[in-house]
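Novice: Below are the chains, spelled out letter by letter.
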Amino acid sequence: MLRLENLVKQYPTGDRALQGVTLEVPKGQVMALIGPSGAGKSTLIRCVNRLVEPTGGTVFLHDLELTALGAGALRKARRRMGMIFQEYALVERLSVMENVLSGRLGYVGFWRSYLRHFPQSDIDTAFHLLDRVELSDMVDKRADELSGGQRQRVGIARALIQDPELLLVDEPTASLDPKTSRQIMRLICELCAERGLTAIINIHDVLLAQLFAQRIVGLQHGAIVYDGPPDGLTPDVLTHIYGEEDWEATIAKDDEPEASSSSLA
Amino acid sequence: MITSPASSRRWKPSPFIRDARLRWALWIGAVVYLVLAFGSMDINWGRVIEGLPRGRTFVLSFFPPDFISRFDAIVEGMVESVWMTITSAVVGVLISIPIGIGAARNLAPAPVYYLCRAILAISRTFPEIILAIFFVKLFGFGPFAGFLALSIGTIGFYAKLLAEDIEDMDATQAEAVRATGASWLQWLNYAVQPQVMPRMIGLATYRVDINFRESAVVGIVGGGGIGATLLTAFDRYEFDSAAAILLIIIAIVMGVEYSSGLIRKWVQ
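Chain order of the listed sequences is V and C.
One gets my numbering by counting positions in the first sequence from 1 and adding 53 to each.
One gets my numbering by counting positions in the second sequence from 1 and adding 71 to each.
If you are wondering where the hints come from, they were derived from the structure by calculation, not from laboratory data.
One or more of the hints may lead you astray.
Said to hold, decoys possible - If you anchor each label on the Cβ, the simulated ranges turn out as follows:
| # | chain 1 | residue 1 | chain 2 | residue 2 | range |
| --- | --- | --- | --- | --- | --- |
| 1 | V | His170 | C | Ile168 | 29 to 37 angstroms |
| 2 | V | Thr108 | C | Val161 | 42 to 50 angstroms |
| 3 | C | Pro182 | V | Leu117 | 45 to 53 angstroms |
What the hints assert, rightly or not - Residues of chain C placed beyond 10 angstroms of chain V at every Cβ, according to the derived structure:
| # | residue |
| --- | --- |
| 4 | Trp116 |
| 5 | Asp241 |
| 6 | Gln244 |
| 7 | Arg249 |
| 8 | Tyr261 |
| 9 | Pro269 |
Here the structure is a predicted model, which means the values were calculated and not measured.
In this text, a Cβ means the ideal position worked out from N, Cα and C, and glycines have one as well.
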């Protein structure tokens, strides 16, 4: 469904963030991208929706060559790719509802969005999604009044209201506590399963990646060094990705109970 | 463990200028210059003392302030000044918005950026009073010249600060809105505007404050408004009327100051 071919990104400073990454993600797969800071994880997902322009290689979404699109066609293609950010990236001075509805900007004209006069169907969907992420009583709160976990759930609703086929998720748990992190990861994975979405999730936390993803890709210095199932992450593999360390305690055991309650805080 | 004094190491913050000779040379140079500069001020103390009683009569002639005898002229001047203040602030801010956006490095392509920065540099070069003299020569006496001078002054001030606020905005919020497939205008409206709006409203009210004070200055060179009335009062040695005008200016500036503070608190 998503295909990267020999993707290269070289920043003007000379750093080669991606050195020819080739990767294929089938429909409905939740894939975790792990690797040390600076390995190129953020660059990789940003090259998919071209928030960062790749210097070489191609990206295909189904049969659409994203890397060849002009500005107008790129905007249309971005509607099919929802993005969830580290630090949430909500527009802080807009309300929860405005933040969620901003996910529809690719579908409505300028004046409708300027007057905040979105189609009723969009507003229905927004309320439905806010119910789903349990924020329906926060509709008119300003985004900067929410807690971290609540903000990230608004971020998730904003990505989903685009009606995407693909979710690009950049460190969704980096600024959350361990319990909220699990809840957010579980919510993202549940929603992917409900809607048959494909997802690429950048994540620092190896344990969370193993718990929630169906496939793990390890990135180091802009190149893939591991691609396989979560239980294939042995101490040797982790040493290869991150460097020498005692990895035994990090690796998820099969008998580990699902921690934390299933309700959202 | 705290070890014996013999092994303790001393630490001092490193000086701002590393070279000790250069440091001392700069200090001594500064002191010498100040002594010479003050020494060269040619103050004739005899004349200062002689002038003191005259100053006293001058100041006393301001009291009591006379609001009544020039009432009509004062009202007319005030109305003109307020008109000049508001119209120049509105027009200046409206013109500033596209120029400010164009002068933000993170939004505008290089040619637009340099063009808008050039416009800013030119409109900031001349103080309002010079602009007013120029426009009085062009369009004759009256508030229209003052209005033009203050409008251009507003652009130089407001567009520059708008551009700088846009350059300081949080890039990830902007990135998130771009990722939804929003058009450029939608992106401005949803990602940029909410981030810069509170400061822009605050600066607009501050600019109203500045324009009102400047309207008194441009009036003195023929730009109409309360400045013209004030000048007439001085020319006729009606210092009590002048005092009334000054008091009104002070009251209005304080009022604007206070309400702009309230507005800024409210929009945060």
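Novice: For every hint, state whether the structure bears it out.
Specialist: Here is what the structure says about each hint:
1. V:His170 with C:Ile168: 29 to 37 angstroms: 23 angstroms, violated
2. V:Thr108 with C:Val161: 42 to 50 angstroms: 47 angstroms, holds
3. C:Pro182 with V:Leu117: 45 to 53 angstroms: Since the Cβ atoms of proline 182 of chain C and leucine 117 of chain V sit about 32 angstroms apart, the hinted range of 45 to 53 angstroms is violated.
4. Trp116: 60 angstroms, holds
5. Asp241: Label violated. Min Cβ-Cβ 8 angstroms, cutoff 10 angstroms.
6. Gln244: Check fails; 5 angstroms does not lie beyond 10 angstroms.
7. Arg249: 6 angstroms, violated
8. Tyr261: Tyrosine 261 of chain C is in fact no farther than 10 angstroms from some Cβ atom of chain V, at 5 angstroms.
9. Pro269: Nearest chain V Cβ is 7 angstroms from proline 269 of chain C, so the label is violated.
Checked against the numbered hints above, the structure breaks hints 1, 3, 5, 6, 7, 8, 9 and satisfies the rest.
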